[in-house]
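Order-wise, the sequence lines are chains A and B. Numbering-wise (the UniProt record's numbering), the first sequence opens with residue 1 and increments by one. Numbering-wise (the UniProt record's numbering), the second sequence opens with residue 1 and increments by one.
Keep in mind that the hints were calculated from the coordinates and are not lab data.
Derived BS3-like pairs: lysine-lysine, alpha-carbon spacing no greater than 30 Å straight-line:
| hint | chain 1 | residue 1 | chain 2 | residue 2 |
| --- | --- | --- | --- | --- |
| 1 | A | K892 | A | K786 |
| 2 | B | K119 | A | K355 |
| 3 | B | K119 | A | K251 |
| 4 | B | K114 | A | K489 |
| 5 | B | K114 | A | K318 |
| 6 | A | K380 | A | K367 |
| 7 | B | K60 | A | K251 |
| 8 | A | K251 | A | K318 |
| 9 | A | K318 | B | K119 |
| 10 | B | K60 | A | K575 |
| 11 | B | K60 | A | K210 |
| 12 | A | K489 | B | K145 |
| 13 | B | K119 | A | K442 |
| 14 | B | K60 | A | K213 |
| 15 | B | K145 | A | K442 |
| 16 | B | K60 | A | K119 |
| 17 | A | K489 | B | K119 |
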Amino acid sequence: MDPLEERQLKPIYAALETNSLKSALQHCNKLLKKRPNWDIVKALKALALQRGLKTDEASALCDEILKNKPSDESTLLALNLTLRPLGRHQDIVTLYGDAFNRHPDNEEIGAQAFLAMIKVRSWKTAQQVGLKLWKTVKHDRYLYWYLMSVTQQAADPETPEAMRKVLLNVAARYLATADVPSWVATDRFYLHISVLLGLDDVETARQLIKSEKGEDLCRNSLALEQTRAELAKKVNDWEGERRRAKGKIEKGDYNWTTYLALLDSTFVAPSPANGQAGPADGEAEKKPEDVDELPSISERISEAQMLFSKLVESVGRKERAPSLGLLELEKRARVEKVTTGSPSLVDQARVYLEKFSEKPSCFEDLKPYVEILDDEELAKWTEHLKSWTPDVTTLQALETTLNIQKLLRYRQAIEGDLTPEMESEQAFAYLKLYRDALPLGKDLRPVELQPADDFAFLASQALIGAWSLDHQLQYLLQAVCVLEYALQKSEKAYQLRLLLICLYRLLGASSLCLDHYRATNVRTVQHDTLSWLVLNRATTFSTCASGDISYLTECLEASAIYADNWTETGEMITKAFQYEKYSQIPDFLNFEELIENSLQRDLIRIEHLRMTLTHELLNNVEMLGIPQEIQDLDLNLQRKSNPDNRDFSIIPNLQAVGQDILKQTELGPRSKVSWVNVFSKIYLRSLRGLSNVYNEPESFSASIKDSEEFTRAERAVVALSDNLLEWLAPIAAAPAEIESKVTNGHTNGAENGTTLFETEPTKEVALEASKQVTQFFDDEWAELQKLVQAGALPWELLHIASIALEGFVLVDLVTYPFKVPSGRAKKGDPVFQSVKIVRQHAVETLRKFADELTRLSHDCGAKPLTEFETLCDPLVKTAEFKPDFVHRVGKKLLESRKKMMEGMAKGIVRRCT
Amino acid sequence: MSVLRPFRATDLFRFNNINLDPWTETYSISFYLSYLSRWPDMCYVQEAPNGRLMGYVLGKAEGVGQEFHGHVTAITVSPQYRRLGLARGMMHLIEQISDEVYHAFFVDLFVRCKNQIAKTLYQSMGYSVWRRIIGYYGTGMGGGKDDEDAFDMRKPLSRDTARRSVRTNGESVHVSAHNVT
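Build out the structure end to end from the sequences listed, making use of the hints.
So, in structure tokens, the structure goes:
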């Protein structure tokens, strides 16, 4: 670029730098007046437009420039910066690919082309560019960029086997003849080994890793050390691994990985193929010469046992690994039916408990061993636990008591003889310990965790346990009070808060759920793993239809991470290439895809759509962004995988073995891929119907017959969707008309000149077909009455009401194009009349729902508050809760529920008008 | 007893039990991945045998000349797994890598002046206060000046033969947070 041009562009760059977009655009327009086809100015203008969120204009301008196939670095950079946020990655690939072809010696353009190709996973072109870069620029980095893309292409299931081999062989040859050996950098070495492993060349890989340099690298890289161990196992070098692990443990390595290596090689079963020990899948067949024979299993067990016992003596309470090593040894010996001559598992567990009972992790450490105790052992173990007198006078005694109580609870009898009364009694015993232990944390600030928290957690779980046995509301309400009380003392105890959210959902106190959820301060990637806490079946609690969009907003906030992932992770993949951290790249790529295709993302998307459609009336159809929704739903259905990243372990389960606190408190069965798919399809066809696009009849009810992911009401709404289609099939657009493109908003087929009526059904036929549709509303109404009578939980009532409303929305969507007669469709037409009748029936039934919810909302006044206080009275009488506190909790809960019920009632009326 | 292994990107899906603790921040994806993309050998997790994450450390190597050092950006252990020596195990590894791989002069970390337990722990591991950073933690959690300021604690490595990263009057050397990266 000549200096004059540079001077002319300077003000544009300066304006962009300070984000003065208006000024940038003015400068661009001024220059373009004189020289309309100046690419760099056009590209900078596009960038300014994009930053000003004028994406359509920016995109159109980019198209113009792309046609010219620019190749100067400044234009490329400006276009790259514009196209990236527009999501036009393929265009960036083409742009840089073409430019690099024209300037094969330009390193910057080549590198950008390569990185753009990585973004769209175009491994084939990336490896070609990488290789070309290496050959022209002669920088080793590009050899490894090429190798990285080769391993990725080879790992792609779509690459044919023969091609895979060729690619990796060529890569291995380049590595073998490279001037600079791979061991100069750990990550290059790692990639070298990956190439060899791709070729199954275990021998060369082992030679490399066992070399002096290789051993050196392994010593300071846990990642490489892991690869080394896997390689050793591949050739059945169990004896080598056993000795190595033994040596490391003797030298004071307490990493459990090393202990596991010793335990695995101690118990490995001999492989019949070669007399050597080997993995069960018989993967390894050859026995290299440097592999030693394993001693007999009894010898190996005895050696491990001696080593662990010796260490147990020497390390005392400082390290748990040797003690747990002994327990694990005993557990495995039991599986293998080998006698070790050690004390029994119960005795060893007792020793462990005595030694480490003051560590908060003791319960979790012992769980796998306590789990396998038989009846006789269990009796002995329980007797031992019961012999400890609970003591919470010191922090150490508190930890011990907590561990003992958790262990006792874990293996308590659950079948048959556990009654709600026993669970409740247990809860009050925990509460007594909780109150006695509270003084230990009296000087702590509210932001610090109270040492006694877990007793309250145990108490609430025991109360929930009692409730799950006989469904008496008192237990659930008491659990709420206990959690609220403990949170007052320890406001950052997230486990208590998250469990409380689950209870408030069951009890229909939706605004409190959101308040507590927001108090946990969930951020960035946690939205993907934790938003299920409030967004799972969120439509149940949405009062969107009455104008309260808090759940809709939560959906949007939670979804921001998916856009962030696309830019941030992509950026970091580029960085990993630049810093040559090849070991990270497969992980980053995987991470990016796990979030991109996340099941939770799709679950949120569907909840958002369900709520939006109750919020917006269809005469506001433009507000709905139908084409975008159709595109998104299509995306849901096109995913090759739908990984479930939700973190369900975040609420620790302190129930007895076989019981699960989450299952006890979840709203219906857990929704997964099948749920997402069916709801995506339902809305897809309904929205397409709205746009008058023909839908192939398909029964979704049949497809979910065996799925366990749906509630009864959800199954009913799925069936409704099927029935709607069947009812309106005679008047829906015929397949020939599907050519008409989906437009923004609804277009009546008749207005388009298409034929609505293939046949002319009579009024009777149309009404008969609509019967099942009207039946849905009657059934749900009957179900609601049944549940109200049975004293069901508020969430169950809200669920039925929200599903009934969803049913109306589906009817509305599908019948909307036929609502107003036009064209050939005459007022007196039987199908139009049946539409009118069905809509009228749905509206009338929904009105009854609204009236019932309004009536129920009145039940949240003073009388129920007194009832709440009575049900929680045991807490006041036995656990020293202040009546005032219980009153406040009850009031808050009932107010929140009242708001919820009223909101839904109002919303139904508004939406069905 | 725990598995000490490299921090992986997918651990971000599983660190909630650690990060919901009031003293541990959750940052953007770029924050974690920027460490992994540059210093993967300075990032580790401790994992329980049942697969639950117990704690993690994120570190980096930075500085020029004799200031080249390993820095512990974040080290955290879930309350459930404290007092097991996990932090010590992770620190030891960071020191080993800083010494043997990066040949750094020292390792340093910042600790809230108020956090006496942590300060004592690091002192027992060979760290000493190098300086006090004023206002490093912003407004803190309502615990006054000691809650807002940080101690920069340093431990010399084998390359620091003259022990230049140790001084006795570190607590009285004050610097503003603006002058610290």
